[in-house]
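Visitor: The lines below spell out each chain.
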Amino acid sequence: MSDSLAVIWSIGRKDLLLELRNKDVVVAVAGFALLVMVIFTFSLNLTQDNARLIGPGVLWAAVAFAGVTGLNRAFSLEVEGNTLEALMLAPISRDLIFLGKALGNFLFITVALAVVLPVFAVLFNLIIFRWEMLAISLLTTIGFSAVGTLFAAMSVRVRAREVMLPLLFLPVVTPLIMAAVESTSHMVNGRSWSDMSQWLQLAAAFDVIFIVVSAFVFQHILED
Amino acid sequence: MVSTDIQPAVEARAVVKNYGETAVLRGLELSLPPGEVTVLLGPNGAGKSTLLRILAMLTQADSGSVSIHGVDLAAEGPRARGLTGSVLHSPMLYADMTARENLIFFAGLYRLKDIDELIASNAARVGIEANLDDRVRTLSHGFQKRVALARALMHEPRLLLLDEPESGLDSQSVSRLDNVIDEYRRAGRTVVMTTHIVEHGLEIADRAVVLSGGVVGLESSSPAGDRASILAAYTLPYEQYSTQGPAR
Numbered sequence: 001m002s003d004s005l006a007v008i009w010s011i012g013r014k015d016l017l018l019e020l021r022n023k024d025v026v027v028a029v030a031g032f033a034l035l036v037m038v039i040f041t042f043s044l045n046l047t048q049d050n051a052r053l054i055g056p057g058v059l060w061a062a063v064a065f066a067g068v069t070g071l072n073r074a075f076s077l078e079v080e081g082n083t084l085e086a087l088m089l090a091p092i093s094r095d096l097i098f099l100g101k102a103l104g105n106f107l108f109i110t111v112a113l114a115v116v117l118p119v120f121a122v123l124f125n126l127i128i129f130r131w132e133m134l135a136i137s138l139l140t141t142i143g144f145s146a147v148g149t150l151f152a153a154m155s156v157r158v159r160a161r162e163v164m165l166p167l168l169f170l171p172v173v174t175p176l177i178m179a180a181v182e183s184t185s186h187m188v189n190g191r192s193w194s195d196m197s198q199w200l201q202l203a204a205a206f207d208v209i210f211i212v213v214s215a216f217v218f219q220h221i222l223e224d
Numbered sequence: 001m002v003s004t005d006i007q008p009a010v011e012a013r014a015v016v017k018n019y020g021e022t023a024v025l026r027g028l029e030l031s032l033p034p035g036e037v038t039v040l041l042g043p044n045g046a047g048k049s050t051l052l053r054i055l056a057m058l059t060q061a062d063s064g065s066v067s068i069h070g071v072d073l074a075a076e077g078p079r080a081r082g083l084t085g086s087v088l089h090s091p092m093l094y095a096d097m098t099a100r101e102n103l104i105f106f107a108g109l110y111r112l113k114d115i116d117e118l119i120a121s122n123a124a125r126v127g128i129e130a131n132l133d134d135r136v137r138t139l140s141h142g143f144q145k146r147v148a149l150a151r152a153l154m155h156e157p158r159l160l161l162l163d164e165p166e167s168g169l170d171s172q173s174v175s176r177l178d179n180v181i182d183e184y185r186r187a188g189r190t191v192v193m194t195t196h197i198v199e200h201g202l203e204i205a206d207r208a209v210v211l212s213g214g215v216v217g218l219e220s221s222s223p224a225g226d227r228a229s230i231l232a233a234y235t236l237p238y239e240q241y242s243t244q245g246p247a248r
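Protein chains in written order, with the working numbering: chain A, 1 to 224; chain B, 1 to 248.
Treat the hints as calculated values from the structure; they're not laboratory data.
Idealized CB from N, CA, C, for every residue including glycine.
Wrong hints could be hidden among the right ones.
Selected chain A positions facing chain B (Cβ under 8 Å, derived; list incomplete) [said to hold, decoys possible]: (1) D3; (2) A6; (3) V7; (4) L17; (5) L18; (6) N82; (7) E85; (8) M88; (9) L89; (10) A90; (11) P91; (12) I92; (13) S93.
Turn these sequences into a full structure, and let the hints guide you.
Guide: So, in structure tokens, the structure goes:
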């Protein structure tokens, strides 16, 4: 068990090291999400009331669309250098490769969210730095990473991968985006944990199901 | 040192591999004893690289069975991968990491201990001591191949797979590679390599296997002596071995 965790961490840490050097993914995700939010801020006549109403939707739609950009890049780097094959040569089960890559994507989206959330709070004038937001962000990012890693692996060898990934990813993560939007909406409207618990449970169930299913399916995707 | 292993190092039974409508391997049968250097020869499209990719478990046979030292690839993939080290066409390295960082990363995946010592000894073996802290992107193709060879050797695999290892290497690097191959032979380990430099392959190999049309066209355990027939088999037209369509 500790050996498996060490392998997963090793792959995730390697992705983080490469990202620190290139800054391809975090800049793309954070930059895209910030642009979307700024455009919405100027195109809507924001008041305190409608900011609470539409802010959560804008936030998570921006993060989902931006996430696609980053997820695509994270996997294409492995294919361009044929390093995915080097991972496949190692005496580890393929699901550990999936979990390591998903961990890397989780770290990228988390860093991007750390940039995006404060800007969102300022633009929409909402208080979001609460424990509830941490739980929502964590559950949503885990789900995005699991599904995104799987579909990035599926679409990376396809010529039109930039088109293919959003077409696969966005419909599948729709329940997760709904859960994130609804629970964030409850939070900014001052409701309690119990009000948002059903949405958090939905997000948690989504995460568990898609981590297990994606890890299983990923093994078959790697074989050509 | 003579190997006392009774299991074949490589055993392939009725291996079929198609890419779409194109048949690459058509019921290939092969058994290679341990402790030998085998060179796979054949014209382009004969199935050499595909066979190596199956042995490295980068792709699966459509049918048939393959085992390495008695370990079935389909049933025990991770265990079988631990027995092999591979250097294929591409160096398969992270260009924005240094050679040392690449080796540390892969040593972690192979769960190796005493990594610093392993890297130092294998870097010396392939002649990259002075380049360990250079980013791979800045290394020439030849040096990148040496780093890939160091990675393949770090876990002391029982079976070393080399796909045209001399391509892109200068004569000094080829000589180092020959030394590594010879060292492996003397340690009773097995090397399976492909090459298009037939003369060089026959010079260093204990066994030559000529693939043609996706089957073994000729196998010789004294490649130097059978040089003429090997060269003739190498150049035989594809149709002479098989007139079948895509394998089923």
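Visitor: Please go over all the hints and tell whether each is borne out by the structure.
Guide: Structure-based check of each hint:
{"no.": "1", "hint": "D3", "result": "holds, 6 Å"}
{"no.": "2", "hint": "A6", "result": "holds, 7 Å"}
{"no.": "3", "hint": "V7", "result": "holds, 6 Å"}
{"no.": "4", "hint": "L17", "result": "holds, 7 Å"}
{"no.": "5", "hint": "L18", "result": "holds, 6 Å"}
{"no.": "6", "hint": "N82", "result": "holds, 4 Å"}
{"no.": "7", "hint": "E85", "result": "holds, 6 Å"}
{"no.": "8", "hint": "M88", "result": "holds, 6 Å"}
{"no.": "9", "hint": "L89", "result": "holds, 5 Å"}
{"no.": "10", "hint": "A90", "result": "holds, 4 Å"}
{"no.": "11", "hint": "P91", "result": "holds, 4 Å"}
{"no.": "12", "hint": "I92", "result": "holds, 6 Å"}
{"no.": "13", "hint": "S93", "result": "holds, 6 Å"}
In summary, this structure violates none of the numbered hints.
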